[in-house]
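Undergrad: Chains as they are written, first to last, in the numbering used here: chain A, 46 to 184; chain B, 857 to 1309; chain C, 42 to 589.
The hints are simulated quantities; they were obtained by calculation from the structure and are not laboratory data.
Small disclaimer: the values here were computed from a predicted structure and weren't measured.
Careful: at least some of the hints might be erroneous.
Under the rule of at most 30 Å between Cα atoms (straight-line distance), these lysine-lysine pairs were calculated in the DSSO-like manner [claimed, not checked]:
1) K1222(B) x K94(A)
2) K181(A) x K1223(B)
3) K876(B) x K195(C)
4) K94(A) x K903(B)
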Amino acid sequence: MDPDCNSIFSRPDSIVAILFQGSNIVETMLLVPGRSQSQGTSLNKGKLKDEYLVVTATAELNENDMRRLKLVDGDKIRLASEVGQTVVACKAKKQDDLPEGMIFIPYGPSSSQLMGSDTAASGMPMSKHMEVSVEKVES
Amino acid sequence: MPEPNQPSPKEKNKNIKIVKDATCTFCGCVCDDMELTVDLDEHRITKAKRACVLGRAWFYEHTLEDRPVVLIDGKEATLEEGMDVAAQILVDAKFPITYGLSDCTCEAQRIAVDIMDTINGNIDTTTSVCHGPSGMAFQGVGESTATLGEIRNRADLVIYWGGNPAESHPRHFTRYAVTPKGMYIPNGKKDRTVVLVDVRKTPSTPVADIFVRVKPGKDFEVLWALRALVKGKRISNDIEEQTGVSREMLDDLVYRMKNCQYGILFLGMGLTMTRGRHFNSGAIYSLAADLNEYTHFVAKPVRGHGNVTGADNVVSWQTGYPFGVNFNRGFPRFNPGEFTTSDLLARGETDAAMIIASDPASNFSKKAIEHLAKIPVITMDAKETHTTKLSKVRFAVATYGINTGGTVYRMDDIPISLRPAFDSPFPTDQEILEGIRQRIRKLLTGSKARTAF
Amino acid sequence: MSSELIIVNGQVYDPANHVDGEVKDICVRDGKIVESVSKSATRIDAHGMVVMPGAIDIHCHIAGPKVNLARKLMPEDHRLDVHPKTAVTRSGTGGIVPSTFATGYRYCTMGYTTAMEAAVPPITARHVLEELDDTPVIDKGFYVLLGNNAFLYKLLKEGRKNEFKEAIAWWVNAVHAYTVKLVNTGSDELWKGRKNANITNVNENIDHYDITPVHVMESFIEAAHELGLPHPPHIHCNNLGHSGNISTTLDTMKAAQGRRVHMAHVQFHSFGGELNKNPVSGAREIIDYINDHENITSDVGQVMFGKATAMTADAPLAWMLRNVKLDKWVNADTECESGCGILPFSYQEAIYTHTLQWAMGLELFLMSKDPWRVLMSTDHPNGGSFMNYPKLIKLLMDSAYRREALSHLNQKAINKTVLSDLDREYTLNEIAIITRAGPARALGLANKGHLGVGADADITIYTEEEDREQMFNAPRYVIKDGITVIKDHEFATDHRGKILHSKPGYNEDIAGEIEPFFEDYYSVKFSNYAVSDDYLHLHEEIPTHPKS
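Based on the provided sequences and hints, a complete structural model is requested.
TA: Right, here's the structure in full:
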């Protein structure tokens, strides 16, 4: 219904930081943790079981972002915020489904590592839309 | 509790039991139309008719695990020893807290609040990191709302905002709000317009007649613009640049909202967990209220865990406040940010924690988790979690709704009684909490604290 | 082991047994009033004190979903009125809508030992019973909202009166209610289905059903009569708060055709004048009709100045108030059963309508010829908190105090009433009737509201004081089920009251008629709807007296 709004950012320069560390590109993106079906089904098996741990450690990125960062499905990326960092696998999503500059990850131990503790007197940490840096991790 | 039906003759040898109209407590939909086939020899549910994918995982995966009932400092102990140590930890603590409670029965929740009242502790539920902000918005502006059956019977405009029910509440569409036929919705989905508002496309998107993509963190601006347009006020020309939503789209939504017969705005955690938090929920409640000048309009948070709504209700009726309640002074006080668990832990203020049916060691901020690892923690959970792993006293409990009866509240405050499928050798949260309550009373006898009920 | 108690030297007010201030011993054994006790019985010397049965609130809103929403809605109100725990009682919060524990204790601290929650959508009955179980000391029951019930309307539309009666009995049993409640009959369908419309005339057809509110009310009154419910239909009339609503109220009372009916909070239904103009008092017309018709019982629904909360199944009314006072507002639609509206409110001395309502309530009390049928209530929290009862008693007992109070109010409104001319002062005996014996009789509670042998030992002992507000605010002793819960003004122990409910007989075949309707239009399974006996905890079934 709104074809002009495929990117979450109206201007390309909103991608605030592009740094180079060694040979890998580091970009700042927006992390959106949320529920997913496989997260829901796997947590019933057990939160310490492999399936849940894999599901909650797999992030979805826009296909264009993946290409630019030289990533393919299954590659490891390091996500870092001002409070912590975590290494997760990545998976490509189509431009129409997930806008450029946005990362989706099922809630879990990985996303918690990146979440700040300030709740702005609400009790609720800023659990979605965290600014994180993204960087490929060579295996 | 009515007796479950007798097994059919051919299943007789297998020791199979059928439980009709059982309730799934995995998500806030609390569907009460499950037909469970229970293998009593294997102690497991082998079939869950009408359950969604999440419900099937819930029923099939909750089997009897080979775990000790109680571990103290990682060593096996008796139930009595566990309750003794737990009571002593809570009584000795200067600032004990209880957290969780969304995946247990109201009967257990009522005891948990009593314990914290008795020892001047702090009680909080997973609401604070779920729709706590919506609870705060409710305190500010109120809410026009409805039970899910009313939505089924009457809603011709259904708007989901910041949620992905297809993955989080799979039967929300099919049992309650989109496809079912209702009293004044004879053709089901054909008689409804479904709108989905989100920052990304999700498996829920295909159900929508209209998909609205909002820039992340701009929900408040879109909601406020809609309020202005509903009231015939001017809005900024650059609304699309700001929010990603075009003026044409907003005008179309306003027209639909004002002219529907019965409209509903469902709100998800896409509103409460992002920039704006309770302001977002307040904006959506206010929009729904405003629309009542023109038609009938309601709003409803799509609540998460099976009985998180029950926890809200119990804590509210016992204390007057829905979550984040502190008894340090001998009476309830409420202050989100001060008495909410995430903050208490991150600031390192508490010296003991009782965590019931939740996993903050996995879901909280790094700082909060670090503090949790430093203090004595008592856990009650049907499964192993990151939190049970770091606890001093861990109780393995029976699963509510599968092994126990009791009361749960659906996301729309409808109370439902559970029908257990098979017995568990593990105690219930309620039994353990009752044991701890009795022990605390004994320990406090002769002190100034309340000692009798 | 039996526990015995004897109260000696007190002035006893027990109107049901024609005891009017005589000094008389009251004996208690195992929670009941008995003829005599042994010498070892615990003795309370009530010299200089007034002994009355425990008081009964026949109409209040203290438990359930709407009450809990109102609690959640007003943290600012709780903060100002905390309720600390004691060595024997739980903590809570007060304000206009207290927490459950505070509600029970605070009723007790005024000498109340029974209170009836007046409006419960049946689908929420479990919630109500859970809250009532957490409401200490007092006995309690609830009235189930059936007056806008979609299935019952369908039966009436089809003219199936017998099934209608059976279904009412099924519902009362299924949820453990005390009696049936009707609120703004017929309005729900218009509110939800016709963009927030309301019924304005009780003789107009309800959308989709070809029946009128009067027909619905008549049918309920007749069915309840045949079922012999201990308390007749408890009716909140249509057009509450609208100028000129006395004609609706009179039409409703006439619909009873001589059968028993209870008119709830009649003050709110005694507005004279013309629609959309300022109301005038219609108290005279209403009280004359009630005085002349012994089939009618009523509670006044007095408004008291200060904080209140509109909390009602009458959603259009709450919406009307919301548009007067643009504050936070709650609306809650319950499928097939009810509507609900909640908003914070306050009654102010300077405001014409508020003063008029205050004066109308007092007019009703002071012009009542039969205190047994015009009973005390503030429709808590709609007219003000139940904590206002002692002040209201003083207003009724002390005409000098009343005159003084009058002088601070909106005189334009006072002049629209005859209150200045009413010098009547209630006696202690009459107070005992409107707060104890009368509600018990109206409710059909044979063991309550009196101190005769066999009655429940629910007893209040007040130090007699000239200032009746002070006196009724703080009983010296409150005895519940024979246990001294308040002793020398302090809680001596906690106590659990019981649920009062009725079980009218019915033909179980009716369930087979109701079930398909559930499958089509409810969001819960029929088999999960009826509330099991587990939720009753301590309870007492009050007998019905069926007519056939």
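Undergrad: Each hint: holds or not?
TA: We went through each hint and held it up to the structure:
no. : hint               : verdict
1   : K1222(B) x K94(A)  : holds, 21 Å
2   : K181(A) x K1223(B) : holds, 26 Å
3   : K876(B) x K195(C)  : holds, 28 Å
4   : K94(A) x K903(B)   : holds, 23 Å
Checked against the numbered hints above, the structure breaks none of them.
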